[in-house]
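Student: Next come the chains, spelled out residue by residue.
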Amino acid sequence: MATPIIETPRSGRVAPGYSRSSTSRSNFEMIAWLFMRISGAILVVLIFVHLYVNLVAGDGISGIDFGFVAGKWASPFWQIWDLTMLWLAMLHGTNGIRVIINDYADKNSTRMWLKGVLYTATVVIVVLGTLVIFTFDPCPVINGVAHVADYCPTP
Amino acid sequence: MEKEPASKVELSKDVAGGEIPTFDVTLKVRRYNPEVSDEAHWDEWQLTMYGTDRVLDALHKVKWEHDGSVSFRRSCAHGVCGSDAMRINGRNRLACKTLLKDLDTSKPILVEPIKGLPVEKDLIVDMEPFFQSYREIMPFLISKGHEPAKERLQSAEERDRYDDTTKCILCAACTSSCPVFWTDGQYFGPAAIVNAHRFIFDSRDDAGDMRLEILNDKEGVWRCRTTFNCSEACPRGIQVTKAISEVKQAILTRKV
Numbered sequence: 001m002a003t004p005i006i007e008t009p010r011s012g013r014v015a016p017g018y019s020r021s022s023t024s025r026s027n028f029e030m031i032a033w034l035f036m037r038i039s040g041a042i043l044v045v046l047i048f049v050h051l052y053v054n055l056v057a058g059d060g061i062s063g064i065d066f067g068f069v070a071g072k073w074a075s076p077f078w079q080i081w082d083l084t085m086l087w088l089a090m091l092h093g094t095n096g097i098r099v100i101i102n103d104y105a106d107k108n109s110t111r112m113w114l115k116g117v118l119y120t121a122t123v124v125i126v127v128l129g130t131l132v133i134f135t136f137d138p139c140p141v142i143n144g145v146a147h148v149a150d151y152c153p154t155p
Numbered sequence: 156m157e158k159e160p161a162s163k164v165e166l167s168k169d170v171a172g173g174e175i176p177t178f179d180v181t182l183k184v185r186r187y188n189p190e191v192s193d194e195a196h197w198d199e200w201q202l203t204m205y206g207t208d209r210v211l212d213a214l215h216k217v218k219w220e221h222d223g224s225v226s227f228r229r230s231c232a233h234g235v236c237g238s239d240a241m242r243i244n245g246r247n248r249l250a251c252k253t254l255l256k257d258l259d260t261s262k263p264i265l266v267e268p269i270k271g272l273p274v275e276k277d278l279i280v281d282m283e284p285f286f287q288s289y290r291e292i293m294p295f296l297i298s299k300g301h302e303p304a305k306e307r308l309q310s311a312e313e314r315d316r317y318d319d320t321t322k323c324i325l326c327a328a329c330t331s332s333c334p335v336f337w338t339d340g341q342y343f344g345p346a347a348i349v350n351a352h353r354f355i356f357d358s359r360d361d362a363g364d365m366r367l368e369i370l371n372d373k374e375g376v377w378r379c380r381t382t383f384n385c386s387e388a389c390p391r392g393i394q395v396t397k398a399i400s401e402v403k404q405a406i407l408t409r410k411v
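Protein sequence lines, in the order shown, are assigned to chains P and H. When you line the first sequence up against my numbering, it's residues 1 to 155, in that order. When you line the second sequence up against my numbering, it's residues 156 to 411, in that order.
One thing to keep in mind: the hints can contain errors.
With a straight-line cut-off of 20 Å between C-alpha atoms, the simulated SDA-like cross-links for lysine to any residue are [what the hints assert, rightly or not]:
#	chain 1	residue 1	chain 2	residue 2
1	H	K373	P	N95
2	H	K276	P	I6
3	H	K252	H	K322
4	H	K410	P	P16
5	H	K410	P	N27
6	H	K270	P	V14
7	H	K373	P	T110
8	H	K270	P	R20
9	H	K299	P	R37
10	H	K397	P	M30
11	H	K270	P	A105
12	H	K322	P	A32
13	H	K397	P	L34
14	H	K270	P	D103
15	H	K373	P	I100
16	H	K276	P	P16
17	H	K397	P	R37
18	H	K373	P	E29
19	H	K410	P	R37
20	P	K115	H	W197
21	H	K373	P	I6
22	P	K107	H	P334
23	H	K270	P	Y104
24	H	K397	P	T110
25	H	K410	P	K107
26	H	K252	P	I100
27	H	K373	P	Y104
28	H	K373	P	A57
29	H	K373	P	R98
30	H	K270	P	S19
31	H	K410	P	A32
No wet-lab data here; the hints were simulated from the structure.
With the hints as constraints, model all of the structure from the sequences given.
Tutor: Structure follows, in structure tokens:
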């Protein structure tokens, strides 16, 4: 009978699944980490001013209606403000979810699928949001009939 | 069988202190033996222990008097070698540094192997993945230039810079308490980063940049979520999360 071969202890054998398959030589994770800190700090200012202007200042929550939003987006200042908020919040949130997927999914295929859904949703929302901010028309005129608001000039 | 003395130190009669209190504890140990079953199970023992006893003494009592097949690692039994890190009541502790009287003895004391590493038998885990990460960060002095004729001098302030991280005993309590490491075992882990920190901030060492480059990996310092489990688990009281943050800072200041 052949004697079983017993490996020498500490022979450098690492249990499968533990050895790092690839080493990344990019700074992506560092930049992502830095972005989270910087965007987080900026978003605190952007979001609280947004909440104050919309919900507290002037007539408060009773002042919010279609006309209020239309009035805000008539000014390039609020257009830029909301655009920055949209982009930073979406990228901040997407990166947060990406990190959570990395931490909780243990199979690479699961990770890939979840991230695919995540990135699709992000792109759709960011593109749609940007489009709305810049092409928003408070007084659409369709077939010569003014729609929506009574403050719009009669055609 | 002759009764074990409560303490190795024999006190003379005129020394105040008197009898060491005894109490009953229930010890529940997570058992696993791949030669018998693929399933782990819990075994339970009622023990009468002394107020000076540690969890390790309870394990010894079980192994020596009840069930000799209970397997665990321990070497020095005095909190220096780092062999007996285990999960005690859900927290990573050294069995030789945890006094039974400090635990809730009204409930069973749960003893499990540390999480995230493959269990070999009972409380023994395969430490090789842990040591592999440790080896990768090059835990030894690398210096450029000629070897000095006398010792490499260092000021007290320079020594103080990495004093905290010299305390590591490689028990794996930190790495196996890290939820990021639990997921897939790919993360370098707090212990490897702590030991990298010990050389990165050593003024005599010249390979700091190489170690920072290794830890700038996608499985490196940036996977740390600052949950502080490692700092809480460290039996040497190393501020592990702080050390990891300092390494992050060092990478940032070098790159940006």
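Student: Does each hint fit the structure? Answer for all of them.
Tutor: Hint-by-hint comparison with the structure:
1. This hinted pair checks out: K373/H and N95/P have alpha carbons roughly 14 Å apart, not beyond 20 Å.
2. Distance restraint check for K276/H and I6/P: the Cα-Cα separation of roughly 17 Å lies within the 20 Å cut-off, and the hinted pair is therefore satisfied.
3. For the hint linking K252/H to K322/H, the alpha-carbon distance of about 16 Å falls within 20 Å, and the restraint holds.
4. Straight-line distance between C-alpha atoms of K410/H and P16/P comes to about 33 Å, which puts the hinted pair past the 20 Å bound.
5. Distance restraint check for K410/H and N27/P: the Cα-Cα separation of roughly 9 Å lies within the 20 Å cut-off, and the hinted pair is therefore satisfied.
6. At roughly 17 Å between alpha-carbon atoms, K270/H and V14/P fall within 20 Å of each other, so this suggested pair holds.
7. For the suggested pair K373/H and T110/P, the alpha carbons sit about 18 Å apart, so the restraint of at most 20 Å is met.
8. Among the hinted pairs, K270/H with R20/P is consistent with the structure: their alpha-carbon atoms are about 19 Å apart, no more than 20 Å.
9. Using a Cα cut-off of 20 Å, the hinted pair K299/H and R37/P is violated, with the two alpha carbons roughly 36 Å apart.
10. Distance check on the hinted pair: K397/H and M30/P sit about 17 Å apart at the alpha-carbon level, within 20 Å; holds.
11. Distance restraint check for K270/H and A105/P: the Cα-Cα separation of roughly 17 Å lies within the 20 Å cut-off, and the hinted pair is therefore satisfied.
12. For the hint pairing K322/H with A32/P, the CA-to-CA distance comes to about 32 Å; that exceeds 20 Å, so the pair is violated.
13. A C-alpha spacing of about 17 Å is found between K397/H and L34/P, which places the hinted pair at or below 20 Å, so the restraint holds.
14. Taken as a hint, the K270/H and D103/P pair is honoured in the structure, with Cα atoms around 16 Å apart against an allowance of 20 Å.
15. For the hint linking K373/H to I100/P, the alpha-carbon distance of about 14 Å falls within 20 Å, and the restraint holds.
16. A threshold of 20 Å between alpha carbons decides the hint, and for K276/H with P16/P the separation of about 18 Å falls inside it, so the pair holds.
17. For the proposed pair K397/H and R37/P, the alpha carbon gap of about 17 Å is at most 20 Å, so the pair holds.
18. A distance of roughly 6 Å separates the Cα atoms of K373/H and E29/P; the hinted pair therefore holds under the 20 Å criterion.
19. Distance check on the hinted pair: K410/H and R37/P sit about 16 Å apart at the alpha-carbon level, within 20 Å; holds.
20. Only pairs whose Cα atoms come within 20 Å are accepted, and K115/P paired with W197/H is rejected, the gap being roughly 39 Å.
21. Note on K373/H and I6/P: the hinted pairing is violated, with a Cα-Cα distance of about 35 Å set against a maximum of 20 Å.
22. A distance of roughly 16 Å separates the Cα atoms of K107/P and P334/H; the hinted pair therefore holds under the 20 Å criterion.
23. Between K270/H and Y104/P the CA atoms are separated by roughly 16 Å; this keeps the pair inside 20 Å, and the hint holds.
24. Restraint check for K397/H and T110/P: the C-alpha separation of about 33 Å exceeds 20 Å, so the hint is violated.
25. A hinted pair counts as satisfied when its Cα atoms are at most 20 Å apart, and K410/H with K107/P does not qualify at roughly 31 Å.
26. With a C-alpha separation of about 35 Å, the suggested pairing of K252/H with I100/P is violated against the 20 Å cut-off.
27. About 16 Å separates the Cα atoms of K373/H and Y104/P, which keeps this hinted pair within 20 Å; it holds.
28. Straight-line distance between C-alpha atoms of K373/H and A57/P comes to about 45 Å, which puts the hinted pair past the 20 Å bound.
29. As the CA atoms of K373/H and R98/P are separated by approximately 13 Å, the hinted pair is consistent with the 20 Å bound.
30. The hinted pair formed by K270/H and S19/P meets the criterion: a straight-line CA distance of about 17 Å does not exceed 20 Å.
31. With a C-alpha separation of about 14 Å, the suggested pairing of K410/H with A32/P holds against the 20 Å cut-off.
Checked against the numbered hints given earlier, this structure breaks hints 4, 9, 12, 20, 21, 24, 25, 26, 28; the rest are met.
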